[in-house]
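Please construct the entire structure, taking both the sequences and the accompanying hints into account.
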Amino acid sequence: MPTTILIVDDAVTFRRLLVMALQSLGFHDTIEAGSAAEARDILQGPATINLVISDWHMPSETGLDFLRWVRAQPKFQALPFLMLTTEQERSHVLEAARVGIQGYIFKPVQKATLFQKLNELGFVSAPSVTEAKPITETTPP
Amino acid sequence: MRLRLRILVIVSLTIGVLLIGSLVAIRFISRSSMDQNLQKMTVAFSEVEKHAAEKNVERLQDIYHIVLSQIENRMLDWAEWDDTWKYMEHHNQAFIKSNLDSIVIAKMGYSGVLFFDTQDRLITSIYIDDKAHQIPVPASLLANLQKNPSPLHVKDSDDIHSGMFIIDGKPILFAARPIVKSSGQGPIRGTLVFTLPFDQTMMKVFTDLSHLELKSTIIHNTNSVQEQDYPSLAPINDIQFNCSILIKDYFGAPSMILTATTPRSIHSTAMEASKYIRTTSQWMGAILLLGTAVCGVLMMVILSWMVNRFVLNKIEILEDRVYHIGRKGNLDLHIPDLGHDEIGQLAMSFNTMLDSLKEARQSIQSQSMERKALMDALPIGLLALDAKFRIAGYPSHTAMHLLGKDCVGKRYGEALELTTVQEAELVDYLDVFAQGLLQIHDLHGLNPIPEITIHHEGEHWLRLSYFPLPHGPHPQEDDQVLLAVLQDVTNEHIKQEELKDLQADNAWLKAILADPDLFIEFFRESFQNMQRVRQHLTPPLAKEPITDAFRHVHTLHGCASGFGINLLANSSVILEKELRKILQDMRNPQTSTDDLHSSEISAQASLIHLEEVLKKEQARLLETLNIQSIDWKTGPSLRVPLHNLREWSALLASGECAFVFHAIEDALRIPLHRLLNRTMLWFPGMILRSNKQAELHLIGGDLKLPIDWSPTLNDILVHLLRNCIAHAIEDPEERSLRGKPDMGSIRIIATQDAELFTLSVEDDGNGFEVPINEAFSFGYSSRAVTTDLAGQGVGLSAVRSMVQELGGTIDIQSIAGKGSIVTMHFVVSASSTSA
Chain A
1 MPTTILIVDD AVTFRRLLVM ALQSLGFHDT IEAGSAAEAR DILQGPATIN LVISDWHMPS
61 ETGLDFLRWV RAQPKFQALP FLMLTTEQER SHVLEAARVG IQGYIFKPVQ KATLFQKLNE
121 LGFVSAPSVT EAKPITETTP P
Chain Y
1001 MRLRLRILVI VSLTIGVLLI GSLVAIRFIS RSSMDQNLQK MTVAFSEVEK HAAEKNVERL
1061 QDIYHIVLSQ IENRMLDWAE WDDTWKYMEH HNQAFIKSNL DSIVIAKMGY SGVLFFDTQD
1121 RLITSIYIDD KAHQIPVPAS LLANLQKNPS PLHVKDSDDI HSGMFIIDGK PILFAARPIV
1181 KSSGQGPIRG TLVFTLPFDQ TMMKVFTDLS HLELKSTIIH NTNSVQEQDY PSLAPINDIQ
1241 FNCSILIKDY FGAPSMILTA TTPRSIHSTA MEASKYIRTT SQWMGAILLL GTAVCGVLMM
1301 VILSWMVNRF VLNKIEILED RVYHIGRKGN LDLHIPDLGH DEIGQLAMSF NTMLDSLKEA
1361 RQSIQSQSME RKALMDALPI GLLALDAKFR IAGYPSHTAM HLLGKDCVGK RYGEALELTT
1421 VQEAELVDYL DVFAQGLLQI HDLHGLNPIP EITIHHEGEH WLRLSYFPLP HGPHPQEDDQ
1481 VLLAVLQDVT NEHIKQEELK DLQADNAWLK AILADPDLFI EFFRESFQNM QRVRQHLTPP
1541 LAKEPITDAF RHVHTLHGCA SGFGINLLAN SSVILEKELR KILQDMRNPQ TSTDDLHSSE
1601 ISAQASLIHL EEVLKKEQAR LLETLNIQSI DWKTGPSLRV PLHNLREWSA LLASGECAFV
1661 FHAIEDALRI PLHRLLNRTM LWFPGMILRS NKQAELHLIG GDLKLPIDWS PTLNDILVHL
1721 LRNCIAHAIE DPEERSLRGK PDMGSIRIIA TQDAELFTLS VEDDGNGFEV PINEAFSFGY
1781 SSRAVTTDLA GQGVGLSAVR SMVQELGGTI DIQSIAGKGS IVTMHFVVSA SSTSA
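Protein chains in written order, with our numbering: chain A, 1 to 141; chain Y, 1001 to 1835.
For the record, the hints were derived by calculation from the structure and aren't laboratory data. The structure displayed is predicted, hence computed values, not measured ones. Yeah, the Cβ is synthetic: ideal placement off N, Cα and C, and Gly gets one too. All the given hints hold, so there is nothing to weed out.
So the derived list for chain Y, only partly shown, Cβ under 7 Å to chain A, looks like this: (1) Asp1428; (2) Tyr1429; (3) Val1432; (4) Leu1437; (5) Leu1438; (6) Asp1442; (7) Leu1446; (8) Pro1448; (9) Glu1733; (10) Leu1737.
Cut-off 25 Å, straight-line C-alpha distance, at most; resulting in silico cross-link-like pairs (DMTMM-like, lysine to aspartate or glutamate): (11) Y:Lys1248 to Y:Asp1130; (12) Y:Lys1181 to Y:Asp1159; (13) A:Lys107 to Y:Glu1695; (14) Y:Lys1510 to Y:Asp1702; (15) A:Lys117 to Y:Asp1742; (16) A:Lys111 to Y:Asp1742; (17) A:Lys107 to Y:Glu1733; (18) A:Lys117 to Y:Asp1431; (19) A:Lys107 to Y:Glu1734; (20) Y:Lys1358 to Y:Glu1319.
Below you can see the structure in the form of structure tokens.
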């Protein structure tokens, strides 16, 4: 069973970067969401999400708001959730830890850290049978 | 006490239930089974009574028959008497006279003697009343005797008849025998009949024989009597019992009832006995009940006493002792000997347990002492924090040394001398840690204060880390929840600083050794520049001179950093900041003159400090190079090998001036890689301070250029490279996103075609996105936020003016997203090109 990872970040560049990093680590099954609202729709949709990686800074609704929503859903109370933030914003992680996260990743994301974190959470990369999804969107200015 | 009460209640209840049970049992037994038995007994007695009555009846009947037999037998003398037999033939009166006398008859007890001939005719008779007076034979008697079947009809000598007649309402017994010879031989001459009244005398005979009280009743009306009712046996009452037999007359008609009234001795005995048994059994029951009750109460008392004596008292002692031992925690206390029963064994086991506990405690104490000793011996400080993040328990020796002996009970943040903001941040972190909301290594990564300086008995650098202590889900205030590890890294820090200085020194020394001239030139130039800065800082201040001053200081900062002269770099940074502030103030129309003036004064002070540092460093340089002084005006010095000078001297002597000129010209040129030494040394340090990754390559470094181009050319390249790193080269992530290698590449390419020397700087960065002219305009900065490296408003215009100083031209080509090339053209004299 491949691991489906939901990436929530308003910055397309960063999402792409993370998708590429995950693909190079053998995690090909990723779904991207540009906002918390979009992520909510995806979570409530038919796809089974195994892990959520969400940025903290997002317009209109922060990653913490989104995390609160996720934890308020009975079926997502144990859904692995990783918070993305910067090293200068450690207090964010503490705040999120009180709501319930399985870990955090500091930006800029180091591939090795990401890999280690996924392994810790018990996600083993699937053998790369599917090809990496082609990047269709262009880098924003 | 409760146990005692409970046992008492249980025993009482048991005894009570036992008593009630036995009462019910006794009642039940006496009611049912005894009644049954008594009834059986009564029946048995009745049987006995009936049997006795039957016997009486039999006896009466027997007596009647015996009486008749006696009559028959006593007649025998008369009936089988020859005289009688003869009389019947001859009717001789003598026989009558001598034998049949009324007195004799009365004496014999008969009432009549009658002789009948064979034709049933009365021959003679004698019959008397009860007063022994002879009376005629009652006619009814004769009639009865002669009535068929007549008892007078006898066939042989043994044919005897007897029975009863009721004659004139009176019972009469009779017997009839044939009159034969004394030998008993016939022929029968008639029938002899004896009669006897059933009177009081006869009744007496019956009474004597039967020993019964008798009463006779004559039946007058034969119909009133039912034959089948007799013999009748019937109790009259509890005292008397009647047995009656029916005596029939000779013809079978009921004629007399003979009733024997007997006392009911058996019945009354039975009644007595049953009454006795009943009474006795009731008494017995009562006694039994009382006995049981007494036994029960006695048993209860004894049982309670025994339970109390052998169990409860011991348990009380045991409980009391255990409570004391538990409360005082004094394991030296023991439970006294409670005997050899199970409780005693329990007490002994308890004592054994206490001993083992004591041993264990001692061993734990000694272990914890060892552990404490070990903790104290450790160079790291260990202390426990309670749920309110106060220092709890026994901090290790080192911890006490670091935080003070009075640290126990203090807030951890207070002991660490944190500011309120810092403490709030730390408490927030420790709270998440204590709750274990994240993995430990994740938590370690979030430590807001991983290192801290504290000032307790001198300055100490502490590295702080935490580990969770096992605690329950809802820890009490006093529970120890976290272990804080304080590592004194002061020495490490000192070493690091020393190492940094040493590395700086090394870098410095290396640079000096590689190119002493460069260093001397650097100081010379720096002094000159500082003099200019001093002039620019003299009021009235103007925008342009200050910008120039800023550029000089900025260059000094970059070079000093590149050479690793930290003191100088730090001092120049301070001045740089001051100048930047002045520039900002000047741009701001609201700035007052006083503000500007104070900024100016502090900038001058910083400049004085910078110059002092510069002098010190220069002194160090001189010391290192073992030179007394330098004539700064001569510029960079050259080391020319002695044999070259001798050669040139000889050549001059021989008139080969042109050759010598060329030789000297050539000696004044140094390879580009040496000339750009400052830039090449500065670059790695600058990269480290940025968040970019780039490599610098020098191509054509063997080409020679005049040594006096060095300051300007280095300045140009430092500017270009700085801008390149700040604006052109992207972050590694961005680079990888664009399919570029993480490591950026900057190449300095030098080429020479005759007198045209071309120097280009190529990068694979983002390229310029503004018109070139604008890039060269004064104060242009492509970044909104100024950084350490670039964007301070000293744009490419400065570079163009420096290139022009060297008589060169500059051109920039840029492809957005791909990179840019800065090309500079210089003219050098042809003679200098030959290597």
